[in-house]
Structures are given as structure tokens and as C-alpha cells.
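Colleague: Using the sequences and the hints, build the whole thing.
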Amino acid sequence: MADFLDVGLNLQSLGIGWGTIVMFVLMVGLLLTGMPLAFVTLLVALIFALGWFGPMSIPLITSRVYSFVMNFVFVSVPMFVLMAAILDRSGIARDLFDAMKLFAGRIRGGVAVQTVFVSVILAAMSGIIGGEIVLLGLIALPQMLRLGYDRSLAIGVVCAGGSLGTMIPPSIVLIIYGLTANVSIGELFTAAFIPGFMLAMFYVVYILARAYFTPHVVPPADPTPIPTAEKLRLLKGLALPILVVFIVLGSIYGGIASVTEASAIGVGGVVLSTILRGEFSFALLRDAAMQTLATVGMIVWIGIGATAIVGVYNLMGGVNFVSGLITGISDNPTVIILFMMLILFVLGAFLDWVGIALLTMPIFVPIIKSLGMDPVWFGVLFCMNMQVSFLSPPFGPAAFYLKSVAPPGITLGVIFKSLIPFIMLQMLGIAVLIAFPGITGR
Amino acid sequence: QEYSFRFQSSDPAGNPNFEYQKGWTDLVAERSGGKVKIELLPVGSVVEYNETLDAVAGGILDGQICDSSYWAGKDPAFGLISNPVGAWSDPAQMIDFVENGGGKEIMTELLGSYGLHFIGVSTPGLEAFVSRVPLDGVDDLKGVKVRSPEGPIANVFAAAGAAPVNLPASEVYTSIDKGVVDAADYSVFSVNQQQGLNKAAPHPVYPGFHSLPLVEVSMNKAKWDELPDDIKKMMEETVKEFQQTQIEGLKKADGAALEQAKADGSITVHDWSAEERAKFRKIAVAEWERVAKTSPMAQKVFDTLTAYLKEKGLL
Amino acid sequence: MSDHPRTREEIDLAATSEGIGAPVPESGLMGRIVDKAGYIFAAGIVVAALILLTEVFLRYVLNSPTIWAHETTVFLCGSAFVFGGLYCTCRDSHIRVVLIYDHLSPHARRIADIVISLVCALASGFFAYAAYHMVTRAVFTPSGEIRLETTGSAWSAPTPALIKIFIFITMVLLVLQFLILAFNYARSGQRD
Ligand code: NA
Ligand code: NA
Numbered sequence: 001m002a003d004f005l006d007v008g009l010n011l012q013s014l015g016i017g018w019g020t021i022v023m024f025v026l027m028v029g030l031l032l033t034g035m036p037l038a039f040v041t042l043l044v045a046l047i048f049a050l051g052w053f054g055p056m057s058i059p060l061i062t063s064r065v066y067s068f069v070m071n072f073v074f075v076s077v078p079m080f081v082l083m084a085a086i087l088d089r090s091g092i093a094r095d096l097f098d099a100m101k102l103f104a105g106r107i108r109g110g111v112a113v114q115t116v117f118v119s120v121i122l123a124a125m126s127g128i129i130g131g132e133i134v135l136l137g138l139i140a141l142p143q144m145l146r147l148g149y150d151r152s153l154a155i156g157v158v159c160a161g162g163s164l165g166t167m168i169p170p171s172i173v174l175i176i177y178g179l180t181a182n183v184s185i186g187e188l189f190t191a192a193f194i195p196g197f198m199l200a201m202f203y204v205v206y207i208l209a210r211a212y213f214t215p216h217v218v219p220p221a222d223p224t225p226i227p228t229a230e231k232l233r234l235l236k237g238l239a240l241p242i243l244v245v246f247i248v249l250g251s252i253y254g255g256i257a258s259v260t261e262a263s264a265i266g267v268g269g270v271v272l273s274t275i276l277r278g279e280f281s282f283a284l285l286r287d288a289a290m291q292t293l294a295t296v297g298m299i300v301w302i303g304i305g306a307t308a309i310v311g312v313y314n315l316m317g318g319v320n321f322v323s324g325l326i327t328g329i330s331d332n333p334t335v336i337i338l339f340m341m342l343i344l345f346v347l348g349a350f351l352d353w354v355g356i357a358l359l360t361m362p363i364f365v366p367i368i369k370s371l372g373m374d375p376v377w378f379g380v381l382f383c384m385n386m387q388v389s390f391l392s393p394p395f396g397p398a399a400f401y402l403k404s405v406a407p408p409g410i411t412l413g414v415i416f417k418s419l420i421p422f423i424m425l426q427m428l429g430i431a432v433l434i435a436f437p438g439i440t441g442r
Numbered sequence: 001q002e003y004s005f006r007f008q009s010s011d012p013a014g015n016p017n018f019e020y021q022k023g024w025t026d027l028v029a030e031r032s033g034g035k036v037k038i039e040l041l042p043v044g045s046v047v048e049y050n051e052t053l054d055a056v057a058g059g060i061l062d063g064q065i066c067d068s069s070y071w072a073g074k075d076p077a078f079g080l081i082s083n084p085v086g087a088w089s090d091p092a093q094m095i096d097f098v099e100n101g102g103g104k105e106i107m108t109e110l111l112g113s114y115g116l117h118f119i120g121v122s123t124p125g126l127e128a129f130v131s132r133v134p135l136d137g138v139d140d141l142k143g144v145k146v147r148s149p150e151g152p153i154a155n156v157f158a159a160a161g162a163a164p165v166n167l168p169a170s171e172v173y174t175s176i177d178k179g180v181v182d183a184a185d186y187s188v189f190s191v192n193q194q195q196g197l198n199k200a201a202p203h204p205v206y207p208g209f210h211s212l213p214l215v216e217v218s219m220n221k222a223k224w225d226e227l228p229d230d231i232k233k234m235m236e237e238t239v240k241e242f243q244q245t246q247i248e249g250l251k252k253a254d255g256a257a258l259e260q261a262k263a264d265g266s267i268t269v270h271d272w273s274a275e276e277r278a279k280f281r282k283i284a285v286a287e288w289e290r291v292a293k294t295s296p297m298a299q300k301v302f303d304t305l306t307a308y309l310k311e312k313g314l315l
Numbered sequence: 001m002s003d004h005p006r007t008r009e010e011i012d013l014a015a016t017s018e019g020i021g022a023p024v025p026e027s028g029l030m031g032r033i034v035d036k037a038g039y040i041f042a043a044g045i046v047v048a049a050l051i052l053l054t055e056v057f058l059r060y061v062l063n064s065p066t067i068w069a070h071e072t073t074v075f076l077c078g079s080a081f082v083f084g085g086l087y088c089t090c091r092d093s094h095i096r097v098v099l100i101y102d103h104l105s106p107h108a109r110r111i112a113d114i115v116i117s118l119v120c121a122l123a124s125g126f127f128a129y130a131a132y133h134m135v136t137r138a139v140f141t142p143s144g145e146i147r148l149e150t151t152g153s154a155w156s157a158p159t160p161a162l163i164k165i166f167i168f169i170t171m172v173l174l175v176l177q178f179l180i181l182a183f184n185y186a187r188s189g190q191r192d
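Order-wise, the sequence lines are chains Z, Y and R.
Per this note's numbering, the very first residue in the first sequence carries number 1; after that it's consecutive.
Per this note's numbering, the very first residue in the second sequence carries number 1; after that it's consecutive.
Per this note's numbering, the very first residue in the third sequence carries number 1; after that it's consecutive.
No lab work stands behind these hints: they were computed from the structure.
Source: prediction; values computed, not measured.
It cannot be assumed that every hint is accurate.
[What the hints assert, rightly or not] If we take Cβ atoms under 8 Å as the criterion, some of the chain Y residues that face chain Z in the derived model are:
{"id": "1", "residue": "Glu51"}
{"id": "2", "residue": "Ser170"}
{"id": "3", "residue": "Glu171"}
{"id": "4", "residue": "Gly179"}
{"id": "5", "residue": "Met234"}
By construction, the Cβ of each residue, glycine as well, lies at the ideal position given by its N, Cα and C atoms.
Modeller: In C-alpha cells form, the structure reads like this:
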């Protein structure tokens, strides 16, 4: 088949070990040239498909592109982005944050803390993080900046908070883990809730500590009492957002809609809110939809590139490679677990979570079971590791999602720098989960 | 000469089906004295579950172990032969149809036209039905929202008065747990029990009345043709062994899970009477007839299948 | 922004500017056409939301779910996802790491732009070739007749074949767009 495409490059002679290293180096090198990220990952996948297997293997990349875009659960991404774009164009978001000041205005760092709580609520509404981070990035980030929050802190809160979407049930990460490890998804959801909430509390404590020890990062507390009439006016700003949240959560937990459908219900609720506020217009919907297209174009193509690399790497024998790394490392269960965490951390820097799950689950889960450890607990631990992978550079999806909607001045460098303390907190969460497995309630 | 192949399964790594399939690849290595190495990849590793046919045909993968109904979008005949809803009440019947009743010839012809060779058949067994509401017969299906996957099965449920809902496997748990759907076509009893579906929907029907999937082991035809005859024969024989191990193993697992479910006071296991199963099969046959008209190969499947069932007194 | 606080209007404008942005001038006429065509796909997303809402209503209230709602939704969003890649290419809004790029001289940046566009065009060319193979398998039966691959579900719509064809078309258009970009970057470089 098409010998003219055979570039005469034989990467297979590198072997999988060096192949892995060359792949990572190539990816980072190409990224630094300023080439669009989606095309960097696609190009690396292409080079390895061609060089390792020859031209007949390239259709695996287009096949993965096809499967990726036709995945029903990803329908929730444009829905969440559309919701955000409409909220952003109406006055709902601003009124919400003004009203939040009512409760948090007296506490230094209060609005950032509330943003964490808003993310926990959003996390209960969806299981995919792309849409949530865009939503927080469009709504909470500009509002926190407007109120005078430090840029780094605000960025970190949005990315780390938005990533909670897969830690708090429903969670697509836990669902895929459950299907792979053949354990109860219900038990995974139950076990993940407290660790997820604990992580959110780490973020809260961190914000409060920053507000106390580095006072310049948060706006000063406003001690002037707000007159009752003003309070009532501000409180009205809460009514519609709470209603939308209530409808979405109600439709999920009331058995009315599936998680993906509930995201469309959210769109319906937000449109209804703009109508009630008298802000709805055709232009508003059109502009919001156009922005949604532009945003999901960016987000989804990052996923497309990532999925292409995963397919090629698995065909190269990635699973056997990871399996070889871990066999015979130690007899000590703690050492094995820590080594697994290290592998997850390294992979998390370069791959998206689906790829990591495909590479490591077939190896890790049987080991965990044979060591007599609880696979449900490990599922939660895996999910916590994926929190880190969302934030860690150079491939940090949360940072990319935020970048897709952030003001131009906020570069990826700025975002990744802001995420460092939050990555530390996530690692602390992992450590706590390993030291005290009982947190999962098992 | 040594051979090394990459096969992709349509099951995830920790699933019992995958373990049995892996057992086949070990057996092949053992019987060939290490000359034939098959690396079995879990679902989605290289391409998605519903794209492996093209990947094997195109030489990206060497082979696949998967439910043939995933190819119903290519030719409805695949949907009919791999899941003639209601036709089978025991794995042995389906296996006998494929191996001795003309099924193998059809699978060989169907897959052959796409550039694949059909090596053999297996099945996880008769699936159990997941339900939140008590179901003791066809009439109870009226108005029940049933999650159903690809293939003609949704039409059969619709004809039986149920309301089929199209949901991907990843949304089944949350949807059944919260009651978005009342029932679901999912997997065998032991897997349903392990994944907590019977806990969320405490009225499972076991044995199921709806689905007994045909799982094909197939590989790239050109690569198969290059193999020496003794290896070909060995691969066919080992598939037969793997099939028996899988059916027996899962039956045993189903039995253990059934005990577990019965011991759990919150789960009520339902079993349909022979009359109710026959009633459901009758509805299904009408749908087989409709599918038969949609492609020449589907007609061939229909003719062969009904002839076999009549001969065995099953229709 | 903590060092020089901006007004609310400025921040809001900045936050939303990506959405109401425009194709880069170097994308040429094609960029402007793609930009207009984006309207159809954006509308598709809104329609998808409406379909899902209708489906929930039909299922929950009337107990009569459709067999087409989810497949149509996936198709509408899937086409928007694919087209979104081309749309962002015309706007040069795909995420890039500009750590080094931003420190280059204008001349070096032009050269980087040209090289990157050409490499992306080449890669897209390979994907167009691969997508062509995918399309032939989805459009023709082994005997050579035309039969669009369907989902194989109860509705069995030919959406798989349609999306595969659309991926092929988009890859071809990406080649074209990247070549136009490279050409225009080179031309404006000469003018400098
Ligand atoms: Na969630
Ligand atoms: Na990362």
C-alpha cells in the first residue's frame, strides 16, 4: 500500500524504551517551537506511526479521531461551554459574584473560597472537566480579577477547582476505572466523595492561609455594613443561578436525565434565566454559540491529538513496557504503591488520563488485587492521581482549557506557574489517601 | 519460523472475559512451543471497539476477539447472526449452530469479504437482564425504559411494548442507579453483580431472555493464509478449548454471584417461564424477518438460522 | 492583573474576545469563508441542546423516548468538533506554547510561522490520505457497491460514514488552509 509514503525511517530499531524517551523529547521540543499543541501531538503520533509501522498504520490515527468526536459523553463539553458563554454575556455571573460578596466579603479570601464551593457543586453536575474549567474560566476568573484577587491564586483556584469534576461523583474517570477493574461504580462513587471533598478543603485552607500570611493576594475585607435593601437586591442575584443548579442536579439525582443530558438541561435553564431577566436576544445566543464553537474547537483538538498518541503508543507495545518497569521492583507493598504513583505522575506529565488508564490499569489492578489491597480504594487513588495529571506540565489539560478562554495576557507559562502550589496540595491528598486508606470509608 | 500477532479484545482488562481470552493466547503460546506469540490488548487500546474490523482488515491489528454485532453498521447480517434476540437459551445451542449448523460458513463468508478470517467462536453466555422493576413476562415490559445497545435488539424491545433508550455502556450505571432507565441490556449475571448493577436495580432476570452474544475470534486473512496448516489447526482447536473454559467458568461465576444475590435480601432474582420466553421469541422472529430483508447476507443468515432452529425443534 | 487593576469592562472584553474574534488576515479568503460557515456548526450545537431537552421531555413526561435523539446529537456535536479544528486554524487560536516564540525577532517569527504552517500542512496531508482509506471502507461494501456505514442501532443512521467523509474533507481543507497561511506569511515577510 503506497510505498511512496514509506519515508525509509525505521524507529522500531530504537526499541520501546528509547522510543518512549524520543517520543517525549520530540513532543516537548516541538511544543517549544510554538507549533499548535493539537498538531504537535498529532505530528508525533504520525511520525511514530510512519516510522515504527509504516504508512498502513496511519488510518489508526484517523480512526481514533473519528471515535473521539463521536463519543456521546463529550456532548456535555459544548453544553457546558455554551452555558458559560451565555452566562458570561448576561449579567448573571456578575450578579452571582456580587451576591457572594455578601457572605464572603467579611472574610479575607472569601470569594475564592466560595469559588471552590461553586466548583464542588459544578463537579456534582458533571463528570467531564473540560466544560467545567471553561465555565469557571469565563465566569469566576474575570470576577475574581475584578474584585482584586491575585492573578496566580485566581488561576490556581479555577484550574484545581474545575478538575474536581472527576473526583466528585459522577465521574467518567471512576466509571472507566470501574469497567476496567470490574468493581462496583457505585462503591467507587461513594468511596471518592470524602477524598474529593477533602481535596477541596485543602484548597480552602490554602486560600485562607495565603490570605492571612500574604495579605496582598486578596482584596481587603469590606467592613462597611451593607444596608438591608442593598442586601435584598444582591440576594436576588443568587436566585437564578441556584435555580439552574437545582434543575440540573434535580434532573440527575431525580432520575430524569442522564449526566450528559443534564448538561443540555443546564443550557435550557440558563437560557430561561436570561429570558426572565429580559436579557435574551438572538444576538446573545448567536455570539455565545460562535464562542462555543471556537472554544470546543481548541479543547477537542487537544483531545484528538492526545488520543492519537495513545493509540500509536499502545500499538508500539506501551503496555508491555510499563509492565516491565514494575515487575520485580520490590516485595514491599508500600514501595510498589509509591512506584506506581511515580509512574502515574510521569505519565501524567505527557498523556491525558484515558491514555494513562489504558496503559496502566491492565498492569496495576491485578497487582493490587494480588497484594490483597482494595481495588476500590486504588480506584480513588488513581482518580486523585489524575487530578495531578490535569495540572502538571507540559501536558496539563486543565491549563489548556483555561487558556482557551483566558484573557490574552494570561499565558500558559503564567498558568502553569500558578498551578504549582495546587499540585503540591493534590500530592498531599495522595499521601493522605495512602497513609489513611480509611478515608474512603472502606 | 516465529509469529507474533497483536489482537484487540472488546473487553476491558479486568473483565473476566478478557482473562479467558488471555488464557487462549497463553494456550496458543504453550501449544506452539512459544512459536506463536499473541499480544492481547484491552478494548480501546489501539482503536475503539467498533473500529477493530477496519483495523484488522487494514493490517493495523492482526486480529480481534469481539462481539460480532458491532459490525451491524457494515452489514445487518452481523447483527442478526451475533444476536438473534431470543433465539438461544443456552450457550451450547448457539455454539452448535455456529460449528455444525451453518453459522461458521456464514461468518467465514461475511468476514472473508472484508479481508478477515473467522477462526472460531466463543461467548460469555446468556446475559442477565438488569431491572429496577419486577419483570416476570412479556406483558411486564410495557412502558419499561430499556437501555439497549447496537443491533436489532432495540426494535424487539419496542415491539414488545418497551421504550428502548440508546445509551453508551459508560452511562449505564448512573442512568440505572438514578432511574433514568428502568432496565438495561448489559452483561452476564456475575459481571452485573460485581459492578454493582444488581444493587442499583434489584430485580434482575436470570437467566436472561434477550441476548447471548456471538464473540468471534478472527484475524487478518492474508496473515492467516501465510500460516502453516498445523498452526492453523492448533489455533482452531485452542479456540474451542478457550470457549469451553470461558462458558463453564462464567457459568460457575454466575452461580456464585447468584448465591450472593439471593443471600442479599434486597435483590429479587426473577426467572421467566418457558411460555413467556417463547412469547418473547415470537416477537423477536418478526424482527429477524424485517432485518433479513435489509441485505442479501442477512437473508442468508435468516434462512440458515430458522432452518437450524426448526430442525432442532426450537422454533 | 493584580499590579495594574483593569476595569470590569476591560476584563470582560478580554475574557470574551476569543469568541467574537476573527480569522487572521493571512488565512485569506478561505479564512473568511470558514468563519462564515462556522455559523452552521455553532447553530448545530444549539440544535443539539434542543434535541436533548426534547428527548428528556419525551422520555420522562410522555414515556416515549426516540431512537434518533442521541445519535443526532452526537452527529451534530461531532461535526462541530471536527470543523472546530479548521475554524481555530483560520483564527490562529489553537493553543500554542509561545515561551520561545515570543522572544523571537519579527523576522524569525515569520520564518517560524512559515515552517510551522508547512509542517502542519504536510501532517494534515498524511491524515487526509489516511482518512481517505477510512472513507472507502465506510462508503463501499467489499463487493464495491455504495453502502454508507451506519450505526447499526435500531435507527441505523449513516452518521458514521458521514462523519468519516467530513473528517476527510476537513483534513483536505486543513492542507489548503495551512498552505495559504504559509504563502501569506512568506509574502508579508518579503514586504517587511
Ligand atoms: Na463529577
Ligand atoms: Na499533565
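Colleague: Hint by hint, say whether it matches the structure.
Modeller: Each hint, compared with the structure:
1. Glu51: holds (5 Å)
2. Ser170: Hint holds; Ser170(Y) Cβ to chain Z Cβ min 5 Å, cut 8 Å.
3. Glu171: This hint holds: Glu171(Y) lies near chain Z, its Cβ roughly 5 Å from the closest one there, short of 8 Å.
4. Gly179: This hint holds: Gly179(Y) lies near chain Z, its Cβ roughly 3 Å from the closest one there, short of 8 Å.
5. Met234: violated (24 Å)
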